[in-house]
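Dock chain E against chain R, hints included.
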Amino acid sequence: MKTPRPLALLPFSWLRPAVLAVGLLATTGVAGAPPAQEPARALAPADTATRPLPADQATPLPARRPDAARLRELRGQRDFDYAEAVPHLSAWDLFWARLWQRVQNWLQQRSYTHFWRWVFYALFVAAGVFVVLKLLQVDLTGVFGRGPRRGPLAYDAAAEDIHAVDFTARLAEAEATGNFRLGVRLGYLQLLKQLADGGFIDWQPNKTNHAYLAELPAQGPLRADFREITRQFEYVWYGELGLTAGQYAHVRTGHRALAGQLAGGPAHRPA
Amino acid sequence: MRAEIGKIIVGQTDLLELLLTAVLADGHVLLEGVPGVAKTLMAKLLARTLAVPFSRIQFTPDLMPADVLGTSIFRQNTGEFEFRRGPIFASVVLIDEINRAPAKTQSALFEVMEERTVTQDGTTYAMQEPFLVLATQNPVEQEGTYRLPEAQLDRFLFKLRVGYPTLAEEVQILQGHHAGFGGTSLDSVQPILSAADLGALRAQVRQQRAEPNILEYIAKLVGQTRAHKALYLGASPRASLALLNGAKALAALRGRDFVTPEDVQFLAPSVLRHRILLTPEREMEGGTPDEVVQQIVQSVEVPR
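For the protein sequence lines, the chains are R and E, in the order given. Heads up: the first sequence begins at 1 in my numbering, then just goes up one per residue. Heads up: the second sequence begins at 1001 in my numbering, then just goes up one per residue.
Warning: the hint list may mix true and false statements.
Said to hold, decoys possible - Heads up, simulated DMTMM-like pairs for lysine to aspartate or glutamate below, C-alpha to C-alpha not over 25 Å straight-line:
hint	chain 1	residue 1	chain 2	residue 2
1	R	193	E	1216
2	E	1220	R	202
3	E	1220	R	234
Hints were generated in silico from the structure; no laboratory data involved.
Isolated chain E, as found in the complex:
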């Protein structure tokens, strides 16, 4: 999968590793970055490497929950209502510009992201496996955007920051473009994993070893977020589970059958940055969640 995505995307190796980790850990991903850093392209490429149904939803301010989940329509010939499934009914769902829809529409994602079901008109519809939401948002633009509710942010396994490429990477992008490869043609990317393959890999990931000291290490890291003086709100136990599941998947990606503290440290910012709230004073001082997570990681002893 790395090789396939690498055909189009230049650099971003850490980001790619984290995306694959999320796929293996069965978690949703929120990609945040300024326009033009290939957030949407990366999500589309990842979806393309999986041979599963894919759909894309462009979130707009006038989008309604029924536009996402689906709605019941009346069939005159049968005299009954029929549920028309919305675009959320796919295995990989790309939600572009997720923060452009109001909270009402975003709330429609709560049930489906956590419980993998959609309830409409008293009937609950189960999503097919795998079910992965890849969402993008732009952190800079404020006009016409809505901040995601904490409850929804908590449902994302990772919040990944898509940064600018390095000078060498940007030169490589320009060279490819200049040579006639626009960099956005997805035809060269082939599906690698079927739903069954992915299910088998996920089952293996769940069998990864995590020594008791590692579990305690994860609990300590997350626990520190509830005691840190710069944080108004700490991370929930769901964050601990996300850190553990992510670390197991990362360890598998790195060729091990056990989790090390290195895996946990690598994933801590991506798992915790969207699950903690800074105090207003810290925000006014210009502090960031990543800085606090870094402080916490540095304050807890690595188990060995």
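Excised from the complex, chain R in its bound form:
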């Protein structure tokens, strides 16, 4: 059996129409039994007559007027200025104010109706920030993890540009001072430049001499000659071998022969 619901527990939306309906029925006499016959209400007694009020004989009071100067003075005081000044907000302030207002609204709401909408907004903002950081090439790899312990380099790791060296002048200078070891080095670098210009080798500062040797064509005298010149250079330069003028002249003859060979040979691009 269904228990009748107490009136107090009824929801307000149900309660109000019910009460109104009961009231309406009560006033129109539709609800319940017909009311008992009431005696007619007695009107005012017959001997009662309206009497006019006596005339006002009081002296009219003079209206007090506040002092205009005092009013102006009070008007000028800040305490009596009840109009709230609207602060002038810049577009940036307005943006943040609205953002925080939305965040507050979101935090104060008691339901999660708009939860996923805010999640979407957050993802959208994060994607925007990511794109901006990428465009600015900001490296954030160390923000959330252990950053590498980078130390400053106390030297210049830049490559020496063999194309910017004036070999003729520097060779003449080295030979004039009797620095034959330096002369062998400069002659070897000049040959490397010629090989690079001729497309025989792909010049890279990090390559070793033997890497260049491997780039030369296996057939023909070029590789054999360059191998011999490389061997001489390594013994003189890395092996710190002191040269006599005669030995230097012999090495330079080999350099010139290879240079001549390069000048007359066909260009070859290494793979």
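Just chain E now, kept in the frame of chain R:
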């Protein structure tokens, strides 16, 4: 020595050259490779070519420092303690599966590997020359293994990767096995170098020439490891010394009395790969120390 080891080992020429370089440079070697690529065999063969005392220690999780270094025992007849030397007291020590012992036992190797001494009960015992530690480890297995401390890794001159043989080399291995040469009989390998011979060779290696530009080149390479953005920890000056000593030994092996940039480049991965630490981000990206070393080698100008 190459020829003797080559009687048993097929291929691995670069690895063999690096092992001999370490022997000449007076440095310890960590061999890393998956099971079955002849790490232990190569170490045993190398030890066999040297006519010096050899010992082998199989590292296990329950191994204690005293099992390696030795311990003092009480002699009842004399009423005194006597130090019983452990297996570390040999000229060539093969430590198999070094990463299976906990850090406590591995720490016992710190002093002996660097200072060539063992201190027990207040007494310091010097190791005899030569003293060479050859250790092996398996990089794949994680269960029951312990990562070597950085301080210990730094004490190895080289960390060498033992890779798989090529197809032709594997066929050659199979042919030898099929013909009845199991490939693991060490009887055919004869000792080549005595301790005195090795000492003389090492003295020659120390006299190798290294031009100032080569020294600067080595310093630049190692210095770059301290500035590389993919590295959390760069190499120490000990790495620079290892690179120089190794390059001198390699140059001698290659028949020169001077070091070239080629020697340095050849040794850089073996010297640096275990002395640098990648950043977590780089590790997660799948980067390897070898890749970073390669980048560094390519970024520094070769002196000439």
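Please name the hints from earlier in the document that this structure breaks, with their numbers sorted from lowest to highest.
none
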